Amino acid sequence: MRLRAALVAALVVAAPSDPHRFALTSTGRVKGASGVVRLVPASSPFGVAVTADGHTTYDLTLTVAGLPDPPSLGAFTAYIAWIATPDLGSVERLGAIAQGRPVAGRTSWNKFVIVVTAEASTRAEKRRGPSLLVGRSPSATMQSFADHPFYNTGAPPF
Amino acid sequence: MLAVLVPFVSRAAPLLAQHAAMHGGSRVDSLIAPSARSIVPMIERPMIPGLVGARPAITPFVAGVGVPLASLAAARPRRVIDAADGDTVDLDARLVRRSVAGRVFTAYAFDGGVTGPLIRMRQGATLFVRFSNHIDLPSTIHWHGVRLDNASDGAPGLTQAAVAPGASVVYKVHAPDAGIFWYHDHVREDVALPLGLAGNLRVESARADYYSGANAEEVLMIGDILLDAHGPIAFGTEAANFALMGRVGNVLLVNGAPSWELRAGAGDVIRFLITNASSARTFNLSFISRMGDAPIKLVAADVGRFEREVMVPSVVIGPAQRYVAEVRFPRAGDYYLANRVQAVDHFLGEFIAATDTVGRVRVSTRRRGIDHGAAFRTLRSDSALETELARFRPHFDRAPDHELALTTEIAGLPIPVMQFLSIDTAFRAPIEWTDGMSDMNWLATTREVRWILRDQATGEENMDIQWRIGRGDVVKIRLFNDPRSLHPMSHPIHIHGQRFLVLARDGVRNDNLAWKDTEIVPVGSTVDILVDASNPGRWMLHCHIAEHLQAGMMMPFTVGAR
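Sequences listed follow chains A and B, in order. Read in order, the letters of the first sequence correspond to residues 304 to 461 in this note's numbering. Read in order, the letters of the second sequence correspond to residues 36 to 597 in this note's numbering.
Hints should not be assumed to be uniformly reliable.
Per label pair, the in silico range of CB-to-CB distance [to be verified]:
id : chain 1 : residue 1 : chain 2 : residue 2 : range
1  : B       : V87       : A       : A368      : 43 to 53 Å
2  : A       : P371      : B       : E421      : 44 to 54 Å
3  : A       : A368      : B       : R519      : 17 to 27 Å
4  : A       : G335      : B       : E421      : 45 to 55 Å
Hints listed in this document are in silico derivations from the structure and should not be mistaken for laboratory results. Source: prediction; values computed, not measured. Even glycine gets a Cβ: it sits at the ideal position worked out from N, Cα and C.
Please model the complete structure; the sequences and the hints are all you need to start from.
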């Protein structure tokens, strides 16, 4: 019985405790940088916002801290946040990161990853620079990201 | 770690098949294991490792044991009772012979009909209902959402003793609010709801223009039932099974039948009054067709109209909730009433699109009567509600009077179930639209699973909580669905005898209010409600997932003299 209780406690602790928040962690290119994504269910008269085909819709807010000036990393002038499906089949720009100002967006993807890259322009519409911060939605914790390109510090896959 | 994961991988293929079959329409029969009318797994696939041969630790309960099925009258379709002020209606609960998806089995019915009679009455009227219990369980009738006299609320052990088989009682049903309400058993809801003890109460507004014009009105009671090859999967005698998720059916029902059909003309506007009478399932309903989805205008919730009508892509409706929606069918052709959700396979870590069609609207080229298209395109505001809400607005931003945490305690289930539950909670879905863990759910009874309402101020739980509220008080309650348990789940929280506003969800102000009696609290969410505590008496607050109610997730409160 004691063993069972310990096992259960360990398993509960291991699971993410807040389904409305996840962290962005450094890919290793910059030290001390971090980010937090806050998920709030989008407004709905039903209390739960879903699309007609059942996808839950969230408003998300990304806040980052600890990133150095972009030029210190190379030929970059901006940091851009992107949201993508885990298979990278769909990638969308969330917005440029201004110092101290959160980036807001909305998504109805079942699972997603968010990545912050260094780019040559604040108006970059395609991700070309290196990924610096990356995090995945709570729903994406059900799968392994061991070989995911966003979690590598090498060249971007697209 | 690898050794732990291997069994999950081996389950993958059967689970995919299960999802595809359970949610791909009506193809369920081939995946339902034959049974001997006792508790058996409902899905034809291996049990999870370590659980082969396991059974819920309860005595199976099947309705009408000892009563020959052939001796029972067949359940008849719902009938309509138009009641005048002061009328008395006889309503009995009885055994019937019911046929669903090729199975013929003993079920329950109010007045011999599935669903129970649609009772129509005027706002402000009073109806007397003489209820006789002729089923094999004690029963009561709860008049869900109706702010009636406390003595007629039908809460066993609180407002009355349960009505024993063979006994009867009279309810005085006074209807101060307009809209769609429902009545149902409140003793063993986990048994009675799937077996048919539910009906609607339609209260006509005193205002002629309460709803916009429509070509027709349809009252839809949505539900589901969990069947094996012979009939309903057995219930539990001493305790309820399916205590984790609640009993999620594998056959969806509209007005008690697995199919439903309506005829309309092109351009018609139909007013749907929808009730979710399922034990545990939340639906996401829309009308789909090759021509595109039919536009839906949301008009009213449980106990009244919204401040503003809004167009919505679908109607999301949790257990016990009601919504009034107007739907325009612009073109001739077939529109299908569909439940479209994203099911989660926790073992594969995947979402699976699941669509069930549960009915059809056959739209001909000929319109029936008046063209209500212009009214449909107009999104009205409810000025009467705005005026009424002025009295409540000063309370919107103050601190909560009470805070409840929603959580669970699980003990005594086999260790493999505990292990698999931990995988389940790798992702805590805000709402579980389907039962992705049916065998574990089936094994879990209300002996091992305790669902909890916890008063954050006192630490008291469930029936130990004793709130005293002054009559006429406006009470702000914060509901927090704690995700840090072994099996968090969304809860449709229902308050008896009063009405409330949903002020905010997860800190975001709700800018389109409506009076409600049941609200979904998703996993991890915080919902602030404002209760108009104007109806005196001893009342219940509880989760309306029938098995969670059986597992203790209920509390009393008293509205009385200050």
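Verification of the hints:
1. V87(B) <-> A368(A): 43 to 53 Å: holds (52 Å)
2. P371(A) <-> E421(B): 44 to 54 Å: With Cβ atoms ~53 Å apart, the hint holds.
3. A368(A) <-> R519(B): 17 to 27 Å: holds (26 Å)
4. G335(A) <-> E421(B): 45 to 55 Å: With Cβ atoms ~52 Å apart, the hint holds.
In this structure, none of the earlier numbered hints is contradicted; all agree with it.
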